[in-house]
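2 protein chains.
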Amino acid sequence: MARGEVTPRTTVKRVAERGSHDPALIDAVIDEALICHLGFIDGGTPFVVPTIHGRRGDTVYFHGSPASRALRRSTGAEVCLTITILDGLVLARSAFHHSMNYRSVMVLGRAREVTDAEEKLQALRAIVEHVCPGRWEAARRPNLREFSKTLVVALSLEEASVKVRSGPPVDEDEDHDLDVWAGVLPLEIEAGTAVPDELMNPGLAAPAHVRWRRPTERLGSTTD
Amino acid sequence: MARGEVTPRTTVKRVAERGSHDPALIDAVIDEALICHLGFIDGGTPFVVPTIHGRRGDTVYFHGSPASRALRRSTGAEVCLTITILDGLVLARSAFHHSMNYRSVMVLGRAREVTDAEEKLQALRAIVEHVCPGRWEAARRPNLREFSKTLVVALSLEEASVKVRSGPPVDEDEDHDLDVWAGVLPLEIEAGTAVPDELMNPGLAAPAHVRWRRPTERLGSTTD
Numbered sequence: 577m578a579r580g581e582v583t584p585r586t587t588v589k590r591v592a593e594r595g596s597h598d599p600a601l602i603d604a605v606i607d608e609a610l611i612c613h614l615g616f617i618d619g620g621t622p623f624v625v626p627t628i629h630g631r632r633g634d635t636v637y638f639h640g641s642p643a644s645r646a647l648r649r650s651t652g653a654e655v656c657l658t659i660t661i662l663d664g665l666v667l668a669r670s671a672f673h674h675s676m677n678y679r680s681v682m683v684l685g686r687a688r689e690v691t692d693a694e695e696k697l698q699a700l701r702a703i704v705e706h707v708c709p710g711r712w713e714a715a716r717r718p719n720l721r722e723f724s725k726t727l728v729v730a731l732s733l734e735e736a737s738v739k740v741r742s743g744p745p746v747d748e749d750e751d752h753d754l755d756v757w758a759g760v761l762p763l764e765i766e767a768g769t770a771v772p773d774e775l776m777n778p779g780l781a782a783p784a785h786v787r788w789r790r791p792t793e794r795l796g797s798t799t800d
Numbered sequence: 577m578a579r580g581e582v583t584p585r586t587t588v589k590r591v592a593e594r595g596s597h598d599p600a601l602i603d604a605v606i607d608e609a610l611i612c613h614l615g616f617i618d619g620g621t622p623f624v625v626p627t628i629h630g631r632r633g634d635t636v637y638f639h640g641s642p643a644s645r646a647l648r649r650s651t652g653a654e655v656c657l658t659i660t661i662l663d664g665l666v667l668a669r670s671a672f673h674h675s676m677n678y679r680s681v682m683v684l685g686r687a688r689e690v691t692d693a694e695e696k697l698q699a700l701r702a703i704v705e706h707v708c709p710g711r712w713e714a715a716r717r718p719n720l721r722e723f724s725k726t727l728v729v730a731l732s733l734e735e736a737s738v739k740v741r742s743g744p745p746v747d748e749d750e751d752h753d754l755d756v757w758a759g760v761l762p763l764e765i766e767a768g769t770a771v772p773d774e775l776m777n778p779g780l781a782a783p784a785h786v787r788w789r790r791p792t793e794r795l796g797s798t799t800d
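Order-wise, the sequence lines are chains H and E. Just so we're aligned: 649 in my numbering is position 73 of the first sequence, and the numbers increase by one with no gaps anywhere. Just so we're aligned: 587 in my numbering is position 11 of the second sequence, and the numbers increase by one with no gaps anywhere.
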């Protein structure tokens, strides 16, 4: 199946005009978001855990300890990875039409453990570079012990959809004359000033790759 | 079961010292977070969708259209509601010890549809007031048509846990002499200046309840 194809599972059902399967839009949301939420089933119960991720082409990667239940239950199983960016609160004149502006990607598929050493190394690099581009070059690379103590899981972006809401509130016509302020309160993630580790040589200045203010500012500077 | 009791499902397994079942901490995370992620099962597949929520005492509520698959599949079924606040990126000297500072609540349980009219109205109020305290008083209340077109779902906080990571990176002793900047990049959600709806009377000033900058600033001003 090629990316961008729609499956019954990824058909956006509610408010369908907000849905898309555009790979460029999906990739942009995945790359901008700092974390995602992984859904898996354990003993018939759904579980949702936050995790960081990275993308290489049409594959999204996440990682953790080989003892992680989330990773053990995800490997070889159907999972759902949801990546949401909250862009604003939509304040309508009526309580009923309150909403939020957001971009949310949902990826469905069977997760697989990454066992190939080269793919695993590139996946770890993608995860570190996703969170903080430039960091892979700066930090000490994993040694063999650390490498083997890390479980990396891959999920294909073949079956993915994105839902977007943007713009002003949509009120009932008869509510437009109400004396109620209506509009959008924009929301963004902001990075503060980097806090140096107290155990570090204080002469070491904060590098450029920790001096961004918005998640979008950190993008585009990877060496990939 | 009383809140704060631990069940096999809510025992925090990985990095157990980060886990807690303290109701006050759990409530604080739920109240500060603007959105959550709801996990449910449909046809054997896990799904995760973002949604807004509200809390009243020991119950968390979410809502949507009666046609929403997420709500239909959640009602009467085991679900997982995960609420995550990302507090910072933890940049260690080694790639392996990179992490994030976060607070994440996981609520497990059987979701129920709220059918009692008074509880439903109070739940809708809690959801609106959760996102933007003061808004319930300002906005037009739901009429009977809107009320019946909204499905409200409740989840008890009986079975909930919270996992927290905070503080500086934890590196291997032998890495402390490396010439690598290490520390934490703090992250926060910031609200911008409210954007008025173009269809609104321009003389209507933005009310105080849309003039907060940080999600924590909006709290404590509810009339509940």
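Take the hints with a grain of salt, since some may be wrong.
[As the list claims (entries may be wrong)] Calculated cross-link-like contacts (lysine to aspartate or glutamate; reagent style EDC-like; alpha-carbon spacing at most 20 Å):
no.: 1; chain 1: H; residue 1: Lys739; chain 2: H; residue 2: Asp603
no.: 2; chain 1: E; residue 1: Lys739; chain 2: E; residue 2: Asp618
no.: 3; chain 1: H; residue 1: Lys725; chain 2: E; residue 2: Asp663
no.: 4; chain 1: E; residue 1: Lys725; chain 2: E; residue 2: Glu694
no.: 5; chain 1: H; residue 1: Lys739; chain 2: H; residue 2: Asp663
no.: 6; chain 1: H; residue 1: Lys725; chain 2: H; residue 2: Glu593
no.: 7; chain 1: E; residue 1: Lys725; chain 2: H; residue 2: Asp598
no.: 8; chain 1: E; residue 1: Lys725; chain 2: E; residue 2: Glu593
no.: 9; chain 1: H; residue 1: Lys739; chain 2: H; residue 2: Asp618
no.: 10; chain 1: H; residue 1: Lys725; chain 2: E; residue 2: Glu750
no.: 11; chain 1: E; residue 1: Lys739; chain 2: E; residue 2: Asp598
no.: 12; chain 1: E; residue 1: Lys725; chain 2: H; residue 2: Asp692
no.: 13; chain 1: E; residue 1: Lys725; chain 2: H; residue 2: Glu748
no.: 14; chain 1: E; residue 1: Lys725; chain 2: E; residue 2: Glu695
no.: 15; chain 1: H; residue 1: Lys725; chain 2: E; residue 2: Glu748
no.: 16; chain 1: H; residue 1: Lys725; chain 2: E; residue 2: Asp749
no.: 17; chain 1: H; residue 1: Lys739; chain 2: H; residue 2: Asp598
no.: 18; chain 1: E; residue 1: Lys725; chain 2: H; residue 2: Glu764
no.: 19; chain 1: H; residue 1: Lys725; chain 2: H; residue 2: Asp751
no.: 20; chain 1: H; residue 1: Lys739; chain 2: H; residue 2: Glu764
[Unchecked claim] From the derived model, a few chain E residues whose C-beta atoms are all more than 10 Å from chain H:
no.: 21; residue: Gly595
no.: 22; residue: Thr635
no.: 23; residue: Glu689
no.: 24; residue: Thr691
Keep in mind the hints are simulated off the structure, nothing from the lab. Note that CB positions come from ideal geometry on N, CA and C, so glycine has one too.
Cross-check of the supplied hints:
Restraint check: the Cα-Cα separation between Lys739 of chain H and Asp603 of chain H comes to about 13 Å, which is no more than 20 Å; the hinted pair holds. Annotation: proposed proximity of Lys739 of chain E to Asp618 of chain E is violated, straight-line Cα distance about 27 Å (limit 20 Å). With a CA separation close to 26 Å, the supplied pair Lys725 of chain H and Asp663 of chain E exceeds the 20 Å bound. Of the supplied pair hints, the one linking Lys725 of chain E and Glu694 of chain E holds, its CA atoms being roughly 16 Å apart against a limit of 20 Å.
Pair hint Lys739 of chain H plus Asp663 of chain H holds up; C-alpha atoms about 13 Å apart against a cutoff of 20 Å. Note on Lys725 of chain H and Glu593 of chain H: the hinted pairing is violated, with a Cα-Cα distance of about 44 Å set against a maximum of 20 Å. Between Lys725 of chain E and Asp598 of chain H the CA atoms are separated by roughly 31 Å; this puts the pair beyond 20 Å, and the hint is violated. A hinted pair counts as satisfied when its Cα atoms are at most 20 Å apart, and Lys725 of chain E with Glu593 of chain E does not qualify at roughly 44 Å.
Distance hint between Lys739 of chain H and Asp618 of chain H is unfulfilled; the C-alpha atoms sit about 27 Å from each other, more than 20 Å. About 18 Å separates the Cα atoms of Lys725 of chain H and Glu750 of chain E, which keeps this hinted pair within 20 Å; it holds. The hinted pair formed by Lys739 of chain E and Asp598 of chain E meets the criterion: a straight-line CA distance of about 10 Å does not exceed 20 Å. Of the supplied pair hints, the one linking Lys725 of chain E and Asp692 of chain H is violated, its CA atoms being roughly 51 Å apart against a limit of 20 Å.
Taken as a hint, the Lys725 of chain E and Glu748 of chain H pair is honoured in the structure, with Cα atoms around 15 Å apart against an allowance of 20 Å. Annotation: proposed proximity of Lys725 of chain E to Glu695 of chain E holds, straight-line Cα distance about 16 Å (limit 20 Å). Straight-line distance between C-alpha atoms of Lys725 of chain H and Glu748 of chain E comes to about 15 Å, which keeps the hinted pair within the 20 Å bound. With a C-alpha separation of about 18 Å, the suggested pair Lys725 of chain H and Asp749 of chain E falls inside the 20 Å cut-off, and the hint holds.
Taking the CA atoms of Lys739 of chain H and Asp598 of chain H, the gap is about 10 Å. The hint holds against a cut of 20 Å. Proximity of Lys725 of chain E to Glu764 of chain H is assessed by CA-CA distance (about 31 Å); at most 20 Å being required, the pair is judged violated. Pair hint Lys725 of chain H plus Asp751 of chain H does not hold up; C-alpha atoms about 59 Å apart against a cutoff of 20 Å. Of the supplied pair hints, the one linking Lys739 of chain H and Glu764 of chain H holds, its CA atoms being roughly 18 Å apart against a limit of 20 Å.
The claim that Gly595 of chain E is not at the interface with chain H holds, since no C-beta of that chain comes within 10 Å of its own (minimum 13 Å). Its beta-carbon lying about 19 Å from the closest one in chain H, Thr635 of chain E satisfies the requirement of being farther than 10 Å from that chain. Consistency note on Glu689 of chain E: stated as away from chain H, and its beta-carbon is indeed over 10 Å from all of that chain's, at 17 Å minimum. Every Cβ of chain H is farther than 10 Å from the Cβ of Thr691 of chain E; the closest lies at roughly 19 Å, confirming the non-interface assignment.
Against the hints set out earlier in the document, violations occur for numbers 2, 3, 6, 7, 8, 9, 12, 18 and 19.
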